[in-house]
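Chemist: The residues making up each chain are set out below.
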Amino acid sequence: MSLFLKLLFRNKLAGFGAVVLAVIVVLALLTPILPLHPPNATNTANRFLRPLSDGHLLGTDHLGRDLLSRLMWGTRLSLAVGFAAALVAGLLGAAIGVMAGYFGGRTDNVTMRGVDMLMAFPYILLALAIVAVLGPGLLNALIAVAVVNIPFFARNIRGVTVGIAHREFIDAAKLAGMGHTRILLTEVVPNIVPVVVIAMSTTIGWMILETAGLSFLGLGSQPPQADLGSMLGEARSALITAPHTSIVPGVMILLIVMSVNLLGDGIRDALDPRLRSGALARPMATTRVERAEAPVPKGDGLLRIDELETQFQVGPRIYKAVNKVSLELKPGECLGLIGESGSGKSVTALSVMGLVASPPGVITGGAVRLNGQDLIGAPYELLRSLRGRKVAYIFQDPLSTLHPLYRIGDQLIEAIRVHEPVSHAQAHKRAVKLLEDVRIPNAAARFRAYPHELSGGMRQRVGIAMALANDPDIIIADEPTTALDVTVQAQILALLSDLRRSRGLAILFITHDFGVVGQLCDRVAVMYGGRIVEAGPTADVLAAPAHPYTARLIACVPELGGGRRVMAAIPGLPPAVDDLPPGCAFAPRCEKAQAACRTGEIALQGEARKVRCLFPEVAP
Amino acid sequence: MTIALKSTNLAKTFDIGKRLIGPPRAQVHAVHPVSLEVKTGETLGIVGESGCGKSTLARMLVGLTPPSAGTIEIEGKALNRADPAAFGRLIQYVFQDPVSSLNPRKTIQQIMEVPLRLLHGLRGRALDDRIAELFDAVNLRPEFLTRYPHEFSGGQAQRIGIARALAASPRILILDEPVSALDVSVQAQVLNLLAALKSEFNLTYLFISHDLAVVEAVSDRIAVLYFGSVVETGPAEKVFAAPRHPYTKLLADSAPVVGKPLGGAQAGELPDPLNPPPGCAFAGRCPRATDLCRAEVPDLRPVEGDQFAACHHPLDP
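In the order they appear, the protein sequences are chains A and B.
Here the first sequence is numbered in numbering that gives the first Met the number 0, starting from 0 and rising by one per residue.
Here the second sequence is numbered in numbering that gives the first Met the number 0, starting from 0 and rising by one per residue.
No lab work stands behind these hints, which were simulated from the structure alone.
Note that the coordinates shown come from a computational prediction; the quantities given were computed from them, not determined experimentally.
Where a beta carbon is used, it is the ideal one built from N, C-alpha and C, also for glycine.
Listed below are the simulated DSS-like cross-link pairs for lysine-lysine, each with C-alpha atoms no more than 27 Å apart in a straight line:
hint, chain 1, residue 1, chain 2, residue 2
1, A, K329, B, K259
2, B, K76, B, K197
3, B, K76, B, K5
4, B, K105, A, K5
5, A, K319, A, K297
6, B, K237, B, K38
Here are some of the chain B residues that sit facing chain A, going by a computed Cβ distance under 7 Å:
hint, residue
7, S100
8, Q188
9, L211
10, L249
Please model the entire structure based on the sequences and the hints provided.
Modeler: Below is the structure:
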């Protein structure tokens, strides 16, 4: 709750709205005990007194009634009706939406078509019709406004409920013996409450306006009872001669609706988990760099990463995702970077071209040199010209990296023409050739396909074609086969291996699968807790791992042909990178750990075979 | 040995493009008639690639998806969800995504209480004792009970999911890709836990996975699914060591293994489910396919001993 308030008041406008609304609500609540004139006492001798006249702070209306008093009583009534209408509409709409979304099928179809029909009427017409049937009066106006707004809630809530009704915890509840009513009340409803609150907070102002509108037309509150709409309606005839009688209720409506809307937006932002995590914050074009100075290059090579440090700074916490990582990639070489989730392997790869989202990512040290040129802190224009042309990426999920609304061919052409000023026809020819190169059957026809029309394997081939579009020297492949089936994975790996040989590509291949590394890579580096713990030629590392973590991780991987057995496991969990233990990060899970492992910095030692361990399994 | 779970010609057809009135625009046969038997105390591994219908099959077996045709028998009696409590005590399900199978707005205590209250009528002390016992069985610390699901890692959340399934004291557990969302080092922990629980509580498992090595490591028997049909079944030690169906062989060859050259890179993919080919669904990718394969769907028939294959031209061992 205190977090919610903090988030809410971080938005200054929402805070302002909250304060204004609170003042209005408190005054409205206190109206009966404030020393005001009676709101309905007429005094025609004093009609149309100007504001600030004696005894009547805001003047009087056409019957000589005190405007301040009528304003306060009217505000009280308008607020009550607006809130009540929002509550009724919200609850009924949510109930309809939850039912339709949860039961689905015919129930959903019939209810939602009914709601659609309700929505098809212009709202004021519908409200008028309802009031015409029920007769004028404030309660009937309330009913009309509530009914008119039910479809909005029903549609909103239905959409959310459909998403929840297909979640696995609903299935689990069914299997635990829960009936539909109980599932709806205890599993579904708690998950949609925030949505209902958000929808209500953003529409309440609108409902106050609608109620005022009906009263303005004389269909809401009946004379002499004051509400903001009827005050405006009565003042209309004297708009020119006594403008203050219209301005006073008008300003109040403006204040109420504005403060409600500002507060509503604030509540929405504070409650929506996506917005809370900073989805609205636009990431910068390149990762933020806060580096003291670049380390001296330790050699050459096509791509050298020296002592790279990338952190995520979230509030007071610092996640050291990449902690002094050094790698080297020679032309035509395939380097495997292997590790479990959270080990920092993807962040290392994204740091190369400054693709880590900032905020919260910051590169705090190290250098990434492409042909000797340092890329950390390089101007955006330079990075942009290198991205895709010299260093290209292949990502895990091709469905989310390809634009769903453009044909794959057009996306390829765009990728080509970003870096090279060739004609559309030439680019088209090259794009088809690329699709053929990645062995997409019937490339000319598939050129016009949309991403969703292709299978996962075909999409990943398009992803590879995209990476090859500008003949890069280096491809960074981030788990490119993890989302694919094993038979398709074999096809993609064979393709990458062929392309690498025929085009002399250097590949940085990120994976969690030792089998894939063993088949594809010349050298491998193992990451744990943001650091490289072991590196060396693939065959050597896999045959005789030196770091206990590598050895035990390899032992965990079940191999086909082993038969039924108990599997080797590593007890415990990988460390959280915002709270790394001193010494070796693996020490808490390691059988061989000794006191020395838990203190100080342990260096990565060795030449061709490197290991960061005081007591390695084999001498490196 | 008694039969714990039996399906006879179980099939599921999904309607595509439903209309308010009238027939749907198209139909997809997610599961072609499948007959399976799982003996009491046995682990049957089901392996197949995405889209082969393995999850649909599993959901039908626990009554979450109504079958289009065929019957399911659990311990000799037809599947009957009329009494959800009695049914829940018979069979339970462990979900693939451990985090999404836990309601984000409930504490672990609240999640664990539901099956115990509703299926076993436990209250008060007895309830708390049973939860402590279950948490002990899956190696979780009792202080986790007051926390919310998002505070847990995948491995821990999957243990909670297993503990919840065990809370029903079921006789059969359907495990739908229980380790595919987990890291390798954690995957081994969960697999070992499942093996220990099985012998401790005398459970019967149906273990679904796309990972051949995992399935082989935990199963007594294996059924290979392709495009909604069982293409091969047999003892775990034989199916991948001596596959009889060319698809099983392709699967076994495709699994990346250290020290083995890249192989199995056969062209071709799953057929279009909206427009399935006549005959064997694998014929388009099969090096041994003949005109017979393209015309007639092969039945599952015994090849040798208890190894069955749905193939007109099964491989020699």
